[in-house]
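S.K.: Residue numbers (full-length UniProt numbering), protein chains in the order written: chain A, 1 to 392; chain B, 1 to 392; chain C, 1 to 392; chain D, 1 to 392.
Check the hints yourself; a few may be wrong.
Because identical chains share one entry, a pair is satisfied inside a single copy or across any pair of copies.
Okay, derived cross-link-like pairs now, DSS-like style, lysine-lysine, Cα gap no bigger than 27 Å in a straight line [as the list claims (entries may be wrong)]:
#1 LYS280 - LYS240
#2 LYS106 - LYS35
#3 LYS120 - LYS280
#4 LYS126 - LYS35
#5 LYS359 - LYS120
#6 LYS120 - LYS106
For the record, the hints were derived by calculation from the structure and aren't laboratory data.
There are 4 protein chains.
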Amino acid sequence: MTTSATAAPQVREALAAQTIELPSWAFGNSGTRFKVFSTPGVPRDPFEKIADVAQVHRYTGAAPRVSLHIPWDLVDDYEALAAHASDLGVQIGAINSNLFQEDDYKLGSLTHPDPAIRKKAIDHHKQCIDVMRATGSTDLKLWLPDGTNYAGQDDIRGRQDRLAESLQEIYAALDPNHRLLIEYKFFEPYFYTMDIPDWGTSLVHCLALGDQAAVVLDTGHHAPGTNIEFIVAQLVRLGKLGAFDFNSRNYADDDLIVGAADPFQLFRIMNEIVTNDALKEEAGVNFMLDQCHNIEPKIPGQIRSVMNVQEATAKALIVDREALREAQISGDVLGANAVLMDAYNTDVRPLLAEVRAEKGLAEDPYAAFNASGYLDQIAAERVGGQQAGWGA
Amino acid sequence: MTTSATAAPQVREALAAQTIELPSWAFGNSGTRFKVFSTPGVPRDPFEKIADVAQVHRYTGAAPRVSLHIPWDLVDDYEALAAHASDLGVQIGAINSNLFQEDDYKLGSLTHPDPAIRKKAIDHHKQCIDVMRATGSTDLKLWLPDGTNYAGQDDIRGRQDRLAESLQEIYAALDPNHRLLIEYKFFEPYFYTMDIPDWGTSLVHCLALGDQAAVVLDTGHHAPGTNIEFIVAQLVRLGKLGAFDFNSRNYADDDLIVGAADPFQLFRIMNEIVTNDALKEEAGVNFMLDQCHNIEPKIPGQIRSVMNVQEATAKALIVDREALREAQISGDVLGANAVLMDAYNTDVRPLLAEVRAEKGLAEDPYAAFNASGYLDQIAAERVGGQQAGWGA
Amino acid sequence: MTTSATAAPQVREALAAQTIELPSWAFGNSGTRFKVFSTPGVPRDPFEKIADVAQVHRYTGAAPRVSLHIPWDLVDDYEALAAHASDLGVQIGAINSNLFQEDDYKLGSLTHPDPAIRKKAIDHHKQCIDVMRATGSTDLKLWLPDGTNYAGQDDIRGRQDRLAESLQEIYAALDPNHRLLIEYKFFEPYFYTMDIPDWGTSLVHCLALGDQAAVVLDTGHHAPGTNIEFIVAQLVRLGKLGAFDFNSRNYADDDLIVGAADPFQLFRIMNEIVTNDALKEEAGVNFMLDQCHNIEPKIPGQIRSVMNVQEATAKALIVDREALREAQISGDVLGANAVLMDAYNTDVRPLLAEVRAEKGLAEDPYAAFNASGYLDQIAAERVGGQQAGWGA
Amino acid sequence: MTTSATAAPQVREALAAQTIELPSWAFGNSGTRFKVFSTPGVPRDPFEKIADVAQVHRYTGAAPRVSLHIPWDLVDDYEALAAHASDLGVQIGAINSNLFQEDDYKLGSLTHPDPAIRKKAIDHHKQCIDVMRATGSTDLKLWLPDGTNYAGQDDIRGRQDRLAESLQEIYAALDPNHRLLIEYKFFEPYFYTMDIPDWGTSLVHCLALGDQAAVVLDTGHHAPGTNIEFIVAQLVRLGKLGAFDFNSRNYADDDLIVGAADPFQLFRIMNEIVTNDALKEEAGVNFMLDQCHNIEPKIPGQIRSVMNVQEATAKALIVDREALREAQISGDVLGANAVLMDAYNTDVRPLLAEVRAEKGLAEDPYAAFNASGYLDQIAAERVGGQQAGWGA
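Given the sequences, and given the hints that come with them, work out the whole structure.
M.R.: Here it is as structure tokens:
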């Protein structure tokens, strides 16, 4: 059994180096179609969101980047926003476009039958690319919410063809150091077809675009029962896994804290990452969170999420690869499984505590943040104004 | 093959007598957590909603009742609202309580650990019972949105016990001619546990309460693959099917137009109703719609829904029951299926057109309404104010 | 409303020309892991299976080809088998390989860690290619049952790499007029990973192989809720839909009669075929059945299946494409849906009866076959010997 | 953090006392409808199966009972079989009836339209009750495989009524110390309706029967996404949880090793057992395994399964109940979850090793058994004859 005492130096190094990108919107209010509950202290603008992001990084040492969402994070001066982030020790990460909150997009955006609306949606991405240039971001992240609710409502193939054209225009606007990351989703906000419902469709479009396009895998965007680690392994094999959107689910796109619903699944995913050498930065996989803290406090929710990813990663790193390979090759089904489970069943929290201590961090970031008084402070200070949410 | 020419008189009578209750909220705006699209002409208050309900009834002749939702349909004078409805030819149907839009209910309502919040939720039902008395409604419809998002968040059994107590208090407040209809739902707005997730739980509580309690079956509230007509047959057998909430789904609680996603399923459901003699009024099954017209116009959406239920019912009514029973008893698997499919494959639209014509209605209510100019009229008239939605 | 009286000549021609390929194994016994029920008259060898296939073609006029499965349809003399088929008016269609019934394949076939076992599995396909040459078949159909039951049991990516190599060897053995059709499946017979679990994986391998490789879509091989017609449209768009395996399902790979579980889905699938011009022979889509008649008689089950596909096709053919396109372009959600539903709700059985009568066939093939006495005849004649099943 | 050093004595006692019942059929061959792979050394009769059961008990000290399946475990002299078991240190547990392997049951057993076939199925249970008397078993376990494959095939309600009658007859034949345990299943071997598809239906029949009837919860018999621990809590609350059939699944009724697919789910289930005081013997919950070791060796598979249940139980036992309750009552969502996860994340293997050592057992039963040479021994000895499987 690997323990904190016996973990190899490269395990500690990998854990110390691991970074997770946070979504600015996780710090604002979110909810279901039934209700968005509010919480005292929630940020009212992108500057306050980034201040909260910086808290997560301060206590975990593992969250140095924040994804922005345009127009939710629209500001007059993006250089100022990037400088504000930099002052607080974090950087701007991926820029997320928004194709679901304009009345024009009721029946589609990049796939809309009307070329004028497609143009509007394409132009929005050019605006996002400008934000990338202003903030130093290199990843343009596109989740296409387009779809239909009723059979016959629109032509499935026609929408694919229009999508391909729209993506070509966006792709053509990228700088050479930019990437276009294309996310898929099984359903919601539309309930009959989605125009990018699965990794296959996302891949088909990425292959048509070129090397700067890659797939985003949101762990909550699959059909029930889908083996996600298989998709991870396949996309890494093809060199086309651009980023994760981490969260967890029991039913649909529940957007719960990553690792909360099925920690063993998260471990299996990270195991594919580790065994296929995709944890290191040059593999080009951006590990992001994308969650909704509907009923729990947001900053502690993000800290717990980062810790959950770290624990899954630590378990993946201590898998005895040689023993595993031997058992696999010899056809020892239970033996191979046992090697994997031995790592999973190990309590890696002491190991992570040590890695944190070596970096001068609190051993338990969740407890340390909760003891800091920051939540009380923002609840007291952030009075008045409009709390940020999915609309801003 | 049964056709409009050969349909038995009792089939025509049953179709002519069938009624479907409409939800007031289907005429307001709805959407997903991502966006609520607005539409010109949407009602701004319960009186305008009822005016739109009356249009559906005017053209279909089959929608004489409207469900209210409290507090969305809060008015100062419910007698006036009931009189307004009556003037327009419709009546107030079930009164729906709302347990999901108070900040107090973030962690539960009737199941909340805090007795003060449970009391608030119970009192809300007493308020609804007052509305029932004022409007002549006899059905109190309770959908419990309570649940949890994370394992350990609350005690599953403790919540059941508190729920049982809260329901007892509500039940005790009913008048003798009132019913308490209890709906179940698989998930949403919570994503780990729901406190009434399935028909079994709903039934357990109804049995504990007594004869005035019955189950509401919402066709969109089941796990993937669930055989809904089995549940219909079982609840009818137990005398505990109080009402339907009709809608359709491909993925989750999509709330699409009933019959749109799987018309064969709707037929199979109505077949169990017909074969178990639960279509007639004395069976006590209230056939209601509960849908969201997120992207389509609302009144035509409701008209189409009523027509879909009528078509499924007509097909169920023309099943050759004797031939079916013979094939079933003789173990003729394909033959029995063929009898059912013969009815399903029949085009019953001519038959329904005749039944409508006999009642002095347009043969195609959808076309007739669209030709009436009503949508243009309300778009022109209903300017200013706040469009109704799930919040009002 | 389109009726038999108004259907355009090209609709009748398309229906008259449509062919559906039957699987030889549907005429043998099948069942679940719990029990294989037997039926009097079931064929005992490939010659008797083909005799039964010919009955389906005799009464439907639409089933002129039979898929063989090797080794279940192993015979000494394939020319003789092909001649026997030809004498009865049918031809040999696709040759299906079998990778799931050798003890050697317990842990994989084309993906097995042991190169000797991979070679055995590859060689089996070369044997199948010889059968193709002997019978005039041009389609080699490969369903890969390989997978794992436990996390860690084998290396996911390693298996993909080995699969790619194995497929290359098989592909290299094809004649220029041959196709390699690669099927995917969500789960079963393995329950953790499948090595080709989805259309994306199948496509990735087809793209790596070349123009002679295409995807097989089995309608029962998807995750719950998957929108199958989207995949159909996408694969047709990419020129990579090689064949269907038609059947229907409510839960898993139930292999029920096509159109029995969800006739509207079958219509939507055929609608994508028709609207994307993939019904005509030069589109290269082979429409096959793949079903298990566990409890119903097999020949009538196949006849019903052919009729179900024909009815869905007829409905797809009578969709008013111009009206549909107009409604789609104008954003008339309900109007577009109504155009589609108008076709679906039409009773096309009279039209198909006419098309059959024009070909000199009985108007109702199911009734005509049942009246023929053939089932009694084979029950009387086929006494002794071993009934064919999945093992032979 | 609770560790082996700090675990309370009552935790150790509960772990030392826990027993898990093994199914005789897990030691025979099993498979899918595609293939049953064989393994050297597999038992050829019930006596050899019990010898293998005894091995699991010898190394785990926690598996003192074996469930029999009639007729698979049919012997001439059940007293001799019970004595054989007793000699090897184990006892006969539940008697399982078999309603799925007679040709007569093709269209149903206890629900069959033909009273003669229902009588045959009822009589089979009387035979099982005789086996109970001969072996000292007190639990009659009934899994009803009955169902239909096609809509219309039979009358859903009629089948419920016939089922209720058949169950009454079986129940009337029980001795006063007997229980009738009724299992439900979502689907398979039928694919349209199952006659007992869910816990609600099982409960309805148990309530109609009386106090000697209780529900069996098989962890693999639910719709995708079903929250199983909720059902556990509800059935315990109602005093109607009679037994578990433990196994794990990713897709359907996969019958994998319990805890293999989702160890966190198993922990949550055991957490409901522990927190609702249902672990102790007087609660009347029989914890049984029901699995298929299709590709892995059977005895090690059973040992691993017992260990997985023990680990989940240990984690449930060390939950800090007071801290949990406080967090729950105070509405501390993340805090309550953290209390639960602290137990789950603890490595309880050292604690279990100590508990075993205190009982004089090997600390790692899996390793100890594998080192024993028993598998080689039975492979050498059990040559010739017919290996046991689901047919015998």
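S.K.: When the hints from earlier in the document are held up against this structure, which numbers fail?
M.R.: Hint check: 3 and 5 fail, others pass.
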